[in-house]
Amino acid sequence: MGQPRSFRTEGVVIRSIPMMEAGLMVTLFTREWGKLRAVVHGARKPSSKLVGHLEVLNCVDLTLHRGRPGNLDIVSQAQIVEAFPALRMRLEGATGGMYMTEVVDGFGAEGSPNQEIYQLLVQCLRALHGGAPREHVLRYFEMQVLDHSGFMPELHLCVDCREAVQPGQHLYSPEAGGTLCPSCGIKGQQVYHMSVNALKTLRYFRRSSLEEACSLRLEPQLSRELTNLLSGTLKFWLDREIRSKSFLERLA
Amino acid sequence: MTGWPVPSAAPSVARLIQELNKLPGIGSKSAQRLAYHIIKLPPDEAHLLAEAISVVKDRVIFCSRCQNLSDTDPCPICTDERRDATQVCVVEEPLDVLALERTHCYRGLYHVLHGVISPINGVGPEDLKLKELLTRLDGTSVQELIIATNPTLEGEATAMYIRRQVGQLPLKVTHLARGLPVGGDLEYADEVTLSRAFQGRQEL
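If you read the protein sequences in the order shown, they are chains A and B. Residues 1 to 252 (my numbering) are what the first sequence spells out, left to right. Residues 253 to 456 (my numbering) are what the second sequence spells out, left to right.
Pulled out of the complex, with its shape left as it was, chain A reads as follows:
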């Protein structure tokens, strides 16, 4: 017996583009199926019952009909689970949400569920909605996405000689996979000079909860350094820049 023709899942709308006369193609990051693209017929008509539920950043309960082989699935029902309205009302919140959806879009694969990243995305959207400091939430989100995707950089040993890194005498290379001691940090790799505070903060963001991370005091210089280190790491693994980054920097 084949798969049922329709299925139900919960997901966050991470992208939405117009399709045909009045339809939409939405990209969802779902709890059970990972990244998933689907069609919403007639969504752009004023009478559409679905479009308000399928706005980007909404967490929705969905029923989808499986498309024919080679075709996209079709959204037949949608109901908001959580909408984060306060996040949309602030430019910083909205752009922070867009940034996170772009990161998830980059790291998520279709048909490959990752419940940890799904829960992380919802948790971080909820935090931004609740007014948590944006830079803390975004840096924590980046670290945890790298961790749950299997790309967490090494932050205790030199990735080359495997000796414990000495605070104050360490470098960082996304290409090498983490920290390097000064004698190993050569060989044509892009190497960042990393402060002790940045190293400690990244280690802390890795093991702490979001609430704990948000309570940390981040000086502007340290915040900029963490942004550079993590965006360099994301760029290396995605092989492209996160496009929302430049707009975020403009608003900072």
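These are calculated hints, taken from the structure and not from any lab test. Some hints here could point you the wrong way.
Stated by the list, open to error - Label-pair restraints from in silico Cβ distances:
no., chain 1, residue 1, chain 2, residue 2, range
1, B, Leu386, A, Pro18, 26 to 32 Å
2, B, Thr324, A, Pro18, 43 to 49 Å
3, A, Trp237, B, Val312, 41 to 47 Å
4, A, Phe7, B, Leu386, 45 to 51 Å
5, B, Glu396, A, Gly131, 29 to 35 Å
6, A, Leu238, B, Glu396, 39 to 45 Å
7, B, Phe450, A, Asp61, 21 to 27 Å
8, A, Met89, B, Glu396, 17 to 23 Å
9, A, Gln221, B, Val312, 28 to 34 Å
Stated by the list, open to error - For lysine-lysine, the following DSS-like pairs were computed, each having C-alpha atoms within a straight-line distance of at most 30 Å:
no., chain 1, residue 1, chain 2, residue 2
10, A, Lys200, B, Lys281
11, A, Lys49, B, Lys424
12, A, Lys245, A, Lys200
13, B, Lys274, B, Lys381
14, B, Lys292, B, Lys274
15, B, Lys292, B, Lys281
16, B, Lys424, B, Lys381
17, B, Lys281, B, Lys309
18, A, Lys245, B, Lys383
19, A, Lys45, B, Lys274
20, A, Lys245, B, Lys381
21, A, Lys235, A, Lys245
22, B, Lys309, B, Lys292
23, B, Lys274, B, Lys309
24, B, Lys309, B, Lys424
Each residue gets a CB set at the ideal place from its N, CA and C atoms; glycine is no exception.
On the provided structure of chain A, position chain B as indicated by the hints.
Below, chain B without anything else, positioned relative to chain A:
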């Protein structure tokens, strides 16, 4: 195994199909149907279509005031003295101007952004006609700026960005009401739409 060669369209027909296929919303099947429809048209009608495309590309320009598409600069709306020059309505696309004009309830001027801030697609404020808007507002008689971007996340972000940019200017900034569509159904409305409809309720 070798079979019969797959029949293909004549090169000129294939080229027409290929060009039509580039249009938004036109897939390969629709492109084929349109191409064969054009082939069946009387020569006069086909030439009128070709001429219309050619003329529109040669003549249509951006109005230097509102940035809408027009045959003249300034456009007929900007030069119409009966319109209220103290109000400017900001829209995303030229088609939005047509939609608002169909209502017959707005008699002010427009400004067309030609897009919306979309960080995820790499579209920033510099890619829109925002600089032209700020230049236009500086030192004019405009008293109200009505932001009519779509109520999507990107439309809202664009509206908030404009609000921030014009914050120093002495004008009122408003945006279109959000709420239930005519003929809509409360039961199916989403929470965000309903809560905004409540916020914008009016006395009967």
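Evaluated hints:
1. Between B:Leu386 and A:Pro18, the C-beta spacing of about 28 Å keeps the proposed range 26 to 32 Å intact.
2. B:Thr324 and A:Pro18 have their C-beta atoms about 30 Å apart, which leaves the hinted 43 to 49 Å range violated.
3. A C-beta distance of roughly 45 Å is found between A:Trp237 and B:Val312, which places it inside the suggested range of 41 to 47 Å.
4. The supplied range of 45 to 51 Å is met by A:Phe7 and B:Leu386, whose beta-carbon atoms lie about 49 Å from each other.
5. For the pair B:Glu396 and A:Gly131, the beta carbons lie near 31 Å from each other, so the given range of 29 to 35 Å is met.
6. Between A:Leu238 and B:Glu396 the beta carbons are some 44 Å apart, a value that agrees with the proposed interval 39 to 45 Å.
7. Our hint of 21 to 27 Å for B:Phe450 and A:Asp61 holds, since their Cβ atoms are close to 23 Å apart.
8. In this structure the supplied range 17 to 23 Å holds for A:Met89 paired with B:Glu396, their Cβ-Cβ distance being about 21 Å.
9. For A:Gln221 paired with B:Val312, a C-beta distance near 51 Å fails the hint of 28 to 34 Å.
10. Restraint check for A:Lys200 and B:Lys281: not satisfied, since their Cα atoms lie roughly 59 Å apart, outside the 30 Å limit.
11. Using a Cα cut-off of 30 Å, the hinted pair A:Lys49 and B:Lys424 is violated, with the two alpha carbons roughly 33 Å apart.
12. A distance of roughly 24 Å separates the Cα atoms of A:Lys245 and A:Lys200; the hinted pair therefore holds under the 30 Å criterion.
13. Proposed proximity of B:Lys274 and B:Lys381 is supported: the alpha carbons are some 25 Å apart, at most 30 Å.
14. A hinted pair counts as satisfied when its Cα atoms are at most 30 Å apart, and B:Lys292 with B:Lys274 qualifies at roughly 21 Å.
15. The straight-line distance between the Cα atoms of B:Lys292 and B:Lys281 is roughly 17 Å, inside the 30 Å bound, and the hint therefore holds.
16. Pair hint B:Lys424 plus B:Lys381 holds up; C-alpha atoms about 20 Å apart against a cutoff of 30 Å.
17. For the proposed pair B:Lys281 and B:Lys309, the alpha carbon gap of about 26 Å is at most 30 Å, so the pair holds.
18. Straight-line distance between C-alpha atoms of A:Lys245 and B:Lys383 comes to about 21 Å, which keeps the hinted pair within the 30 Å bound.
19. Taking the CA atoms of A:Lys45 and B:Lys274, the gap is near 24 Å; set against the 30 Å cutoff, the hint holds.
20. Between A:Lys245 and B:Lys381, the direct Cα distance comes to roughly 21 Å. Compliance with the 30 Å bound is thereby established for this hinted pair.
21. Under the criterion of a C-alpha separation no larger than 30 Å, the hint pairing A:Lys235 with A:Lys245 is consistent with the structure, at around 11 Å.
22. With a CA separation close to 25 Å, the supplied pair B:Lys309 and B:Lys292 stays within the 30 Å bound.
23. Note on B:Lys274 and B:Lys309: the hinted pairing holds, with a Cα-Cα distance of about 16 Å set against a maximum of 30 Å.
24. This hinted pair does not check out: B:Lys309 and B:Lys424 have alpha carbons roughly 37 Å apart, beyond 30 Å.
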